[in-house]
Amino acid sequence: MSLPFILFFVFAFFAVVGAILLIVAREPIHSALALIMVMVALAALYLLLGAEFVAAVQIIVYAGAIMVLFVFVIMLLNAGVEERTNWSKLAKYAGLPLGVFLLFELTHWIARSAVGKSIANGSEATNAAVSTRALSEMLFRKYLFPFEATSILILIAILGALVLAKRDE
Amino acid sequence: MSAVPISYYLVLSAILFGLGVVAFVFKHNIITIYMAIELMLNAVNLAFVAFARAHNQLDGLVFVFFVIVVAAAESAVGLAIILTIAQNRQSLNVERVNQLKF
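These protein sequence lines map, in sequence, to chains A and B. All residue numbers for the first sequence refer to numbering that gives the first Met the number 0, where the first residue is 0 and numbers rise by one. All residue numbers for the second sequence refer to numbering that gives the first Met the number 0, where the first residue is 0 and numbers rise by one.
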């Protein structure tokens, strides 16, 4: 068992445990912390896949900005223990079997497919500086227009959030 | 360096996506449901990065950035909507939000 395998299984374990904790936690703040755990584990897996810049962005934007936003809203609304209601039987009797079915179907077909058998071999893309430079050139040349479009999307989202959260006088 | 087969990453991505679907269906709190959506987006990002690695092309990584940007925009607007709902209904339970007009 080589080092990448051990690292993969350690961080995959953390990611899956975090996702399960998100489901079983009763308080939203515990779910948020579990989700941060998943995101940090995924950033480590991105490092293992040789995507350094994506790992940094994952930590800065997802674990940093988006989850802080979530925690702020949880504290603003003083969200306590989730109340248990048994109004919806559909979730209990259809949701769980469907979720488990989806999980098994996805893993089964991925494990069987041809692309699943291919091995990631080490190459020049593993080099951090080369990878990040090539990524920036791709982002600002080939994908320049979508990149600018996302900035407009962010601007519209900020305006929308302001309009929605504004108190009526 | 990375000797782990891509299929391992894809299976992990599928497991995380499935857990996200289960959380989405099971949770009653509207904020936690939002977090389940974020978990599913993260699972898809992992698949993007794994495929980018398998095919040795960087396009997948660029799409990860777009997914992250859309997730940020979505969470900004969505949390504003959650704030409005919480102020109007005094509850975060989705089962109490069963009318469009209150």
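Hints were generated in silico from the structure; no laboratory data involved. We put the CB at the ideal spot given by N, CA and C, even for glycine. Treat each hint with caution, since some may be false.
Here chain A is said to cover these stretches of chain B; the calculated rule only asks that three of the stretch's residues, wherever they fall, bring their Cβ under 8 Å from a Cβ of chain A [to be verified]:
#, region
1, 17–27
2, 63–72
Stretches of chain A that chain B covers, calculated by requiring three or more beta carbons in the stretch to come under 8 Å of a beta carbon on chain B [what the hints assert, rightly or not]:
#, region
3, 1–9
4, 27–38
5, 41–52
6, 57–65
7, 150–161
Which constraints among the numbered hints does this structure fail? Numbers only, ascending.
none
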